[in-house]
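**Q** With chain A's structure known, arrange chain B on it following the hints.
Here is how the chains run, residue by residue.
Number of protein chains: 2
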Amino acid sequence: MSYNGADALADVLIENGIKVCFSNPGTTEMHLVAALTRDGRIANHLCLFEGVATGAADGYARMSGRPAATLLHLGPGLANGLANLHNARKAAMPVLNIVGEHAVAHIAHDAPLTSDIAGLAGPVSKTVATLTEPADIARVTGDLLRDIQSGVKGIGTLIMPNDVAWSEAAPDNQPAIEIPSLDAPDPAAVSQAAKALQTPGAYLLLGAPHITRRMQELAQAIAAKTGATLLAEAATARCSRGGGLPGLARIPFQIDAAIATLEGAKQAVLAGARAPVAFFAYPERPSALLPETCEITTLCPAEADVETALSVLADELDASIAEPQKLALPPIPTGPITPEALGAAVANGLPENAIVADESVTNGTSLYPACASAPAHDWLNNRGGSIGYGMPLAIGCAAACPNRPVLAVIGDGSASYTLQALWTMARAGMNITVLILSNRRYKILSNEMSKIGAGEPDENSDPLMDLGNPSIGWVALAEGYGVAARQVSEATELRKAISLAMATPGPFLIEAVM
Amino acid sequence: MSYNGADALADVLIENGIKVCFSNPGTTEMHLVAALTRDGRIANHLCLFEGVATGAADGYARMSGRPAATLLHLGPGLANGLANLHNARKAAMPVLNIVGEHAVAHIAHDAPLTSDIAGLAGPVSKTVATLTEPADIARVTGDLLRDIQSGVKGIGTLIMPNDVAWSEAAPDNQPAIEIPSLDAPDPAAVSQAAKALQTPGAYLLLGAPHITRRMQELAQAIAAKTGATLLAEAATARCSRGGGLPGLARIPFQIDAAIATLEGAKQAVLAGARAPVAFFAYPERPSALLPETCEITTLCPAEADVETALSVLADELDASIAEPQKLALPPIPTGPITPEALGAAVANGLPENAIVADESVTNGTSLYPACASAPAHDWLNNRGGSIGYGMPLAIGCAAACPNRPVLAVIGDGSASYTLQALWTMARAGMNITVLILSNRRYKILSNEMSKIGAGEPDENSDPLMDLGNPSIGWVALAEGYGVAARQVSEATELRKAISLAMATPGPFLIEAVM
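Line order of the protein sequences matches chains A and B.
Take the first sequence: its position 186, counted from the start at 1, is 730 in the numbering used here, and no numbers get skipped.
Take the second sequence: its position 299, counted from the start at 1, is 843 in the numbering used here, and no numbers get skipped.
The following block holds chain A by itself, in its conformation from the complex (with noise of 0.2 angstroms):
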């Protein structure tokens, strides 16, 4: 066969660094995928449901820094996969979305998978190109991967009409496109940060896409020279935590907590992190969280080079970074499943090097402050709110880094929305274990649904928080995908249990009975 578009575009990807993509496509998207699995050059992995590819795809970013791609098929496949993107997006990971069109005459015809696939992709992406020419092809694919790794990076869709894919193409030589670098400190936000840390009710707010562990080195040492309270964003994409790391205390997810945390607030600084706001309005209460009196002083956004601005900080405050200190580990647990007897468990239980995508919910109160405990390790959040993210991300963490073990922590509910994910996971023999928390509720609606001010659950409201009639069986729908699983119901048992299927290669899933 002659060169076409679809070969045009594996080029310009494979030119870029594009290593992995994660795909579930249709006729539309057959060129593509002969262009993109030929000889191997890029790893396709086939996911059975489009969140899955595109929540691999955010958590591959996550841990290559780098974008992945996916491969859609037409505006229902993207459609499928744009809860994963939103939360990509609130992460400000970059993803490439690669989604097939009707060839361009055929879509006028409005056939059954006919529909507004920019439209689609337009609220969460930063850009969306339709290519129209295989000439094209390169400078638009460029332009766009140049796009969404600059500033604050993001979502890229690139749709495909299949005439372009399948027309012949001629070899463009254009040379890998150029990132910019990370903005550098503006000298006149350090010294304004670091005269406002050192007045009374001082907070240094930190957040970045990676919260780095040098990065919480100096901004420890900040906060000591200071006497400033440091905070991480409640949500971050990813955050280096463990192996004498002193634990890095967040703003809570829950409203009053929040407001508590922060009241004493009369200097807000901004290292990478947004001006905390509540996650949802409740009556009564603000959505901004700092005190109405507060200053904010911005010393950097996220996508600036935040490591950078802090160093020049620490440096302008001369504070220095203290020796590590190895945490004391929680007792290991005994006895029920309680969220303390989880967060216990799990920290006794982490290898060195581990990545933990938290999607915990109500059951995780315990969990990141135990963790702090154990051997150095990554810790992803969820930063757009949108459940069944944690699966489809451990899977890209694992693409990613595929000598890392990964843990994905689940509630129940969230996880039935992408549990699809364990599929793939078996098919690549990916080292992640899935420890789903299993109280057979919607927990998080029974606590807000009252605090929102709508009463408490009754006979009638019930049974849309009730998961459990029937009660979802994690044992059997893991094996039903190809993965070995277990309940346990025992907190020294969900220990070993985690330990074991950690060390051992392949997934694995844990049903926790809490």
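Check the hints yourself; a few may be wrong.
Copies of the same chain look alike in the list, so a pair counts if it works inside one copy or between any two.
Derived lysine-lysine pairs resembling BS3-like cross-links, with alpha carbons at most 30 angstroms apart [to be verified]:
hint, residue 1, residue 2
1, K739, K810
2, K563, K995
3, K739, K670
4, K739, K769
5, K987, K563
6, K769, K987
7, K670, K810
8, K563, K670
9, K810, K1040
Quick caveat, the hints were computed from the structure, so don't treat them as lab data.
In this text the structure is predicted, and so the values were computed from the model without any measurement.
**A** Below, chain B alone, put in the same frame as chain A:
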């Protein structure tokens, strides 16, 4: 608690005959949950994934002729439901989405779940309305419900900010909206159609949201009288079949077969049908399937009163309806479950008054023709082409027709998109038989790849079409969601399993190994 916006919305829904809601709510929908579940006035079915809710609403509309509501959580919840809304839109089914939104003042704060809900809804919706104050709820909702049930029916998306739901409201005693009646036949169009049908090479193409028994009897009579060839559209939202009706041939899905079927057409008379188009574009193949020289006459569009138009046309032609003739069932099949054996097994297993949701894809070639000889039943096909609609659709059918057995025949690839539907079936004890056609392949893709000119699957591309590594265990998946199941691999056994499952209350899954 005082009467609030959510109560006002519930009242207008009840006033306008909305009896069922398929729900996956979150914090922003808690007031709606309280109001929509109060006193059990509306039947709420919790779905573990939003695509189940929207597909169920599609099925409900097909079998009841009326819209159901869906209750969805913000933009990402709507996003997860878009693919099946696409299918409902293409089937011209009325669906009312109620989508919670943050309180109005909270939106500008760009909280994690903030997104462009109206932007996401636009591509699938006939109408999108955002409520801004409680006093508007009755009027805006009434207008939307009228619009989605008038002319070409469609999707209405009602965005309800949380503060509109929780704010005090006054009961509004507006009367129920009136739905305009269907357009009556145009005498000139009837005369033209009559003339066209009496010329050589005439084709009568039948389509409608519901191709009734009477419509088929009239169309068969007209075809018999004029010598015209009668064909239905490739996919019909609902078609009455069996019980003595002659088999209604359809335009094939496969492009070359479709062109061959229509190549003799000199005159095409459209009775509720659109001029047929190819499902996909293929190199060197036309998009429009009728010969270029074929003249097209429109008796009436799908949104008109097709049955009356056919009746007037039959009168004009003096065509009279033939006596029903019981067709002979195919012999009870034995041996491996080939596509032919599948058709025979289902035809012999279908009880009187069944509803069949057909998502059989490549293995369904014999299914539709074979079932013409079964007892009277309804046949539902996907008009939008987005796979993952069969199980959700079946839920809606069962909710609309609790006393009719439902059979969903689904390829294994299609079934994985929305398998969470099994749980909702189990919870409600719906009499749904899910028949999974387990060939462990996206077989349609291996068929299509060479047809569209992308070569044959090879060792690199085949893994993107292969579902056999690992094999999906449908019995385990069903049991995980509380649905009894068994695997069969022989045709006689399959027929028995279908009969037994459909005669037994509650859901049952059969994995047919093909």
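**Q** Hint compliance check: list the failing hint numbers for this structure, sorted ascending.
**A** Hints 3, 6, 7, 9 are the ones this structure does not satisfy, whereas the remaining hints hold.
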